Amino acid sequence: MSATPVTTARPKVLIDTTMRNGLIVLLILFVFNSLMTPNFLQMQTLSVNISQVATIAIVAIGMTLVIAAGGIDLSVGAVMALSGALAPLVFMSDSLQASPVLAVFLAFAVALSAALLCGLFNGYLISHLGVQPIIATLILFISGRGIAQVLTNGNLQTFDYPAFSVIGTGKFLALPVQGWLMLFLAAAVYWVVSKTPFGRYLLALGGNEKAALLSGVPVHRVKIGTYVICSLLAGIAGLIVVAINSASDAARNGELMELDAIAAAVVGGALLQGGRAPIFGAVLGAIIIQLVKYTLLANGIEDEVALIAKAGIIVVAVYFQQSVKE
Amino acid sequence: MRNIQKSFSGVVALGAVDLDVLPGEVHALIGQNGAGKSTLIKILTGVYKRDDGEVLIDGEVSIIGSPREAQDCGVATIYQELNLVGLRSVTENICLGYEPRRFGCFVDWPKAHRDAREVLMRFGVDIDVREPLNSYSTAIQQLVAIARAVSLDAKLVIMDEPTSSLDEQEVEVLFAVIRGLKRDGVSVLYVSHFLEELYQVCDRVTIMRDGRSVAVREIAHTSRIELIAEMLGRDPGEIESAGMTEFSAGEAVKGEPLVEVSGIATGRQLQNFDMTVHAGEIVGLGGLLGSGRTEVARALFGLDRLSKGGLKWCGEELKSMKPAEAIALGIGYLTEDRKSEGIVPGLSVRENLSLAILPRITKGWCIDRQQEREIVEHFVSALGIKTADIDQPIRELSGGNQQKVLLGRWLAISPKLLLLDEPTRGVDIGAKFEIQAIIRDYVSQGVGVVLISSEFAELVEGADTVVVLQEGHSVRELSNPGVSEDVLLKAIAEPASGVAA
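Chain order of the listed sequences is A and B. First residue of the first sequence: 0, per numbering that gives the first Met the number 0; consecutive thereafter. First residue of the second sequence: 0, per numbering that gives the first Met the number 0; consecutive thereafter.
In short, the hints are calculated from the structure, not lab data. Computed from a predicted model, the values in this text were never measured in an experiment. Wrong hints could be hidden among the right ones.
A partial selection of chain A residues facing chain B, derived with a Cβ cut-off under 8 angstroms [to be verified]: (1) P161; (2) T195; (3) A203; (4) N207; (5) A210; (6) L213; (7) R275.
Stretches of chain B that chain A covers, calculated by requiring three or more beta carbons in the stretch to come under 8 angstroms of a beta carbon on chain A [unchecked claim]: (8) 319-329; (9) 442-448.
Note that CB positions come from ideal geometry on N, CA and C, so glycine has one too.
With these hints in hand, go ahead and build the complete structure from the sequences.
The following block contains the structure:
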């Protein structure tokens, strides 16, 4: 190796433009609320917002991965419903009442295994059978929620099971457990994307699939891997929602979550054509969307208007993405 | 264009470029890859915004802010990669965005078809303009692109490497069209790496080097050597004394047989092919477009399944394999189309170069960043890749430098066999010599090479053995010394005489 490389070091970019814009927006929202919204600067408010944003953010992290690899996953909401419906069925079964620890463990294992199978199913259709991601995941989008409703006979299942509910209502260092879980999962996925060959492969795949294949990237396995991770994260989010409500409603759990997750990913800087995986961007995107919604509601503006505002945020985010590309 | 300047993320791409094109003139623009030709064209056509300088059309300063404005100013471009819509009809492609209207809103299709036909007839092309564009050959598609320019009343038509995918006859048709444009008073800015072409159609030439315009010459009074010298910034005499290519065949010492191919077929394109590549040997594949050359490379790399025949690797029979397994054996495949099958545009030079060696530099779960950097920096300096930094996105590099990164990707796997499909296409002369020298260097260390090239000179001078293909059959094997362009041409053109069934 030559001692004097031709290259000069470019400053390491820690925060890119999209991330910076996002943080600025967040700051503006925060300052605005501190001044205008009553009781904003209270632990209670913070907790409410964190517990609501965590599920969107966790699903958005998975969605970001799938989008980065050039795909899309419409089935996340249905996977949430399925996983959320299975867990109470397990821990409330009569045979497990003697040992709550085992019951909760099994509930997680069964629910997440189901999510994993959903991911395998999506991934297999897309990689081996070459089905378009939007069509392939539409299958579970429709049938997943159906299966969940069949399992629960279409009933709302209520329960009182503190050992399970801790992931939705528990606190750690005065903040909701799911907030910490969200940060932990984001960090873990970030690590996977930036450090492992899988992460590199998935970006290469999203950037140019043919070139990736010709460079020996195990294209099928990487695709399946992204859908499995996405489904698992959706499964976790489904469990959190059930835990928050102490009830599982297969008809409502995760409803429209796919759109929220895609929106958060896009606001966070994911390019729909693939090749970029801003994991913390997705978390930031979810927080911005949540905070805008909260700001409007807390200031007496109706839910319907909040929906329009959400659409507005997406438009602005896409606009910025385009202008950055220039 | 006067004193045009442009830089990307602090790297100066163009510093002080002047370019004058007279009405009715065919003006050539040449320079090495990275000299700034593409950037200049993109400024002229409104794709990029210039940092400084001005563009004058008919003596008036024009502000070209978008490709549409450029078209409206009379500047039309035929890009290297055709930007037409393959699935739509020829007519639609010619008038896209400027359709004749009836009652102000409906497209007047009969008139559109008539107009399209008329424009094409002027070029001596008589085709059904209602058919989808991609049902015609590349040459016709190119003419359609030119027809589109003409139908927009272009004053200046920019042609970027227009002949790179045409055969000789088609090139003649194109030249006739260019001469026709010239007669009609339309100016042509002609960008090409093939210097011979310039003498056939161009009047004057502007030579660019390192983001500057260094010379303007009358083409008729300038020798080839002078042009090359100007492009490289060297002395003409020095070049004349050197060989035309850095390849010098025939001196290689052949090693053990690396790959033995017998009677393989993968489909209609490749029906019966035999070849043996030894370590330290360059085997060239000669043949026309579509004769099955690329398919040989695809078969050896495990991309297409063999329907017949067998492969032996280092004496052992190989069963079906995948690209990843081929790479593990030490086979690298530099593809013909670097944009669609080579680079991952959004990733950095580092990530592109190390893509094929990730399994080898992974420790536990993680990529060993330190080792990755060392390998990448080694190849960046060894191959002379011009990049601001190894973390620069590869899409910002010039074509020649992208090609070197891709070559680096395969050299990094410590290859035993390299499949090189048009390794120097679309690459300027300087980079071409460098790439050829690098390949020769690796061959002398015992690497086997399968070289596919449409440039006969490259095959004749570079390859130790040339296997000639006709319609998916290997028909002849020529070995150096003794191969000349005439011998090769004859072998390619002559009807196959029972050499292969």
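Hint R275/A vs chain B: min CB-CB distance below 8 angstroms?
This hint holds: R275/A lies near chain B, its Cβ roughly 7 angstroms from the closest one there, short of 8 angstroms.
ask   = Quick check: the segment 442-448 of chain B, covered by chain A? Criterion 3+ residues, Cβ under 8 angstroms.
value = Check failed, 0 qualifying residues.
Report task. Under 8 angstroms, Cβ to Cβ, is where A210/A needs to be relative to chain B, so tell me if that hint holds or is violated. Result -> holds (5 angstroms)
Margin query: For the restraint on T195/A, tell me whether the closest CB of chain B is nearer than 8 angstroms.
Written below: holds (5 angstroms)
Against chain B, with CB atoms and a cut of 8 angstroms, does the hint on L213/A hold up? Since the shortest Cβ distance to chain B is 6 angstroms, the answer is holds.
field: Restraint satisfaction for A203/A [CB to CB of chain B, less than 8 angstroms]
entry: This interface hint holds because 5 angstroms falls under the 8 angstroms limit.
Inset, instruction - May I ask you to test the interface hint for N207/A with respect to chain B, counting a Cβ-Cβ separation under 8 angstroms as satisfied? - result: holds (4 angstroms)
| field | When the least beta-carbon distance from P161/A to chain B is tested against 8 angstroms, hint result | value | violated (36 angstroms)
Task: Coverage claim, chain A over the segment 319-329 of chain B, checked by counting residues with Cβ within 8 angstroms (three needed) - done: Holds, because 5 residues of the segment 319-329 of chain B bring their Cβ atoms closer than 8 angstroms to Cβ atoms of chain A.
Against the hints set out earlier in the document, violations occur for numbers 1 and 9.
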